[in-house]
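Undergrad: In order, the protein sequences belong to chains F and B. Residue numbers are given in my numbering: position 27 of the first sequence equals residue 27, and the series is strictly consecutive. To convert, count from 1 in the second sequence and add 1000; that's my numbering.
Since the hints were derived computationally from the structure, they do not count as laboratory data. One should not assume that every hint holds.
As the list claims (entries may be wrong) - Within a straight-line C-alpha distance of at most 20 Å, the following computed EDC-like cross-link-like pairs (lysine to aspartate or glutamate) qualify:
1) F:K9 / F:D75
2) F:K66 / F:D37
3) B:K1014 / F:D37
4) F:K66 / F:E34
5) F:K66 / B:D1086
6) F:K66 / F:E27
7) B:K1014 / F:E23
8) F:K9 / F:D37
9) B:K1014 / B:E1052
10) F:K66 / B:D1094
11) B:K1014 / B:D1056
12) F:K66 / B:E1101
13) F:K9 / F:E34
14) B:K1014 / B:E1002
15) F:K66 / F:D103
16) B:K1014 / F:E17
17) F:K66 / F:E90
18) F:K9 / F:D103
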Amino acid sequence: MTTMRVNLKRCDLITLEGRYDSETAPELERVLRESMDAGVYRIVLDMSRVTYFGSAAIRALILAYKECRRFNRGDVRLANVTDRIRQVFEMAGIMPLVQHFDDPVLAVGSF
Amino acid sequence: MERHEICYASDRGKLGEISEFIGEHARHAGLGEDDVYEIQMATDEACTNSIEHAYDGLTSGQIEVCCYVEGAFFVVSVRDYGRRFDPDTVPVPDVTAPLEERSIGGLGLYFMRRLVDSIEFSFDPVQGNQVLMRKRRDSQ
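Isolated chain F, as found in the complex (with noise of 0.2 Å):
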């Protein structure tokens, strides 16, 4: 699993890859309180290298996403959801909440 942040001048793009359980979505986290840190609350997720998102996974993208709308500041977007990876955010609920992208290009063009 690896997760690497980009800082655009538009947003932030972080791109996944590998398993995100409950032992690697901590770093999920980490990576994602980096950007808000920074002042950063426009975020694009490239899902496309994604394997596995748990529960774990999920409720870190629920509380970034809570945080960057806040005072409508920014938002969490996601490119690239693979079936799979679709499948269980339909299930959690969120495909529909939550605007997502083909590409990562359209998703930070977005902003």
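We have chain F; now place chain B onto it with these hints.
TA: Same frame as chain F, but now just chain B:
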């Protein structure tokens, strides 16, 4: 009926191996890839619950994961010897609420219930806490 069992310390670092163990036997039992993924996820959430709630996140506990074929079902058992909990007291997350209103508890248990065809909990002072999950072998 062949039972496959592994036993680990209550360590989140073992979740990947547990997932591989389940995947291997689930495929062997004839589950399609979607169902394999689902039972892997349910097992992952069950083990996480044991680690976090039965053992308060400490790695000094023991988790036993067992799987076998029983008729039309692939069965997974996750057992721990830590603090028991009452699944009926865990709040069901409102998956239709706007995210701003979401509380974040109960998602793991909710996923477990959604991902398998049947789930049973049992708690015994000697035998420990067990969650038994069944997944149909022929649904794909």
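Undergrad: For each hint, tell me whether it holds in the structure or not.
TA: Results of checking the hints against the structure:
1. With a CA separation close to 15 Å, the supplied pair K9 of chain F and D75 of chain F stays within the 20 Å bound.
2. Between K66 of chain F and D37 of chain F, the direct Cα distance comes to roughly 15 Å. Compliance with the 20 Å bound is thereby established for this hinted pair.
3. Proposed proximity of K1014 of chain B and D37 of chain F is contradicted: the alpha carbons are some 31 Å apart, above 20 Å.
4. With a CA separation close to 16 Å, the supplied pair K66 of chain F and E34 of chain F stays within the 20 Å bound.
5. The straight-line distance between the Cα atoms of K66 of chain F and D1086 of chain B is roughly 29 Å, outside the 20 Å bound, and the hint therefore fails.
6. For the hint linking K66 of chain F to E27 of chain F, the alpha-carbon distance of about 18 Å falls within 20 Å, and the restraint holds.
7. The straight-line distance between the Cα atoms of K1014 of chain B and E23 of chain F is roughly 9 Å, inside the 20 Å bound, and the hint therefore holds.
8. For the proposed pair K9 of chain F and D37 of chain F, the alpha carbon gap of about 16 Å is at most 20 Å, so the pair holds.
9. For a cut-off of 20 Å, the pair hint linking K1014 of chain B to E1052 of chain B stands: about 14 Å separates their Cα positions.
10. At most 20 Å may separate the alpha-carbon atoms for a hinted pair to count; K66 of chain F and D1094 of chain B meet this at roughly 16 Å.
11. A C-alpha spacing of about 16 Å is found between K1014 of chain B and D1056 of chain B, which places the hinted pair at or below 20 Å, so the restraint holds.
12. Between K66 of chain F and E1101 of chain B the CA atoms are separated by roughly 9 Å; this keeps the pair inside 20 Å, and the hint holds.
13. A distance of roughly 16 Å separates the Cα atoms of K9 of chain F and E34 of chain F; the hinted pair therefore holds under the 20 Å criterion.
14. The hinted pair formed by K1014 of chain B and E1002 of chain B fails the criterion: a straight-line CA distance of about 23 Å is larger than 20 Å.
15. A threshold of 20 Å between alpha carbons decides the hint, and for K66 of chain F with D103 of chain F the separation of about 23 Å lies outside it, so the pair is violated.
16. Between the alpha carbons of K1014 of chain B and E17 of chain F the distance comes to roughly 19 Å, so the proposed pair stays at or under 20 Å and holds.
17. A C-alpha spacing of about 18 Å is found between K66 of chain F and E90 of chain F, which places the hinted pair at or below 20 Å, so the restraint holds.
18. For the hint linking K9 of chain F to D103 of chain F, the alpha-carbon distance of about 17 Å falls within 20 Å, and the restraint holds.
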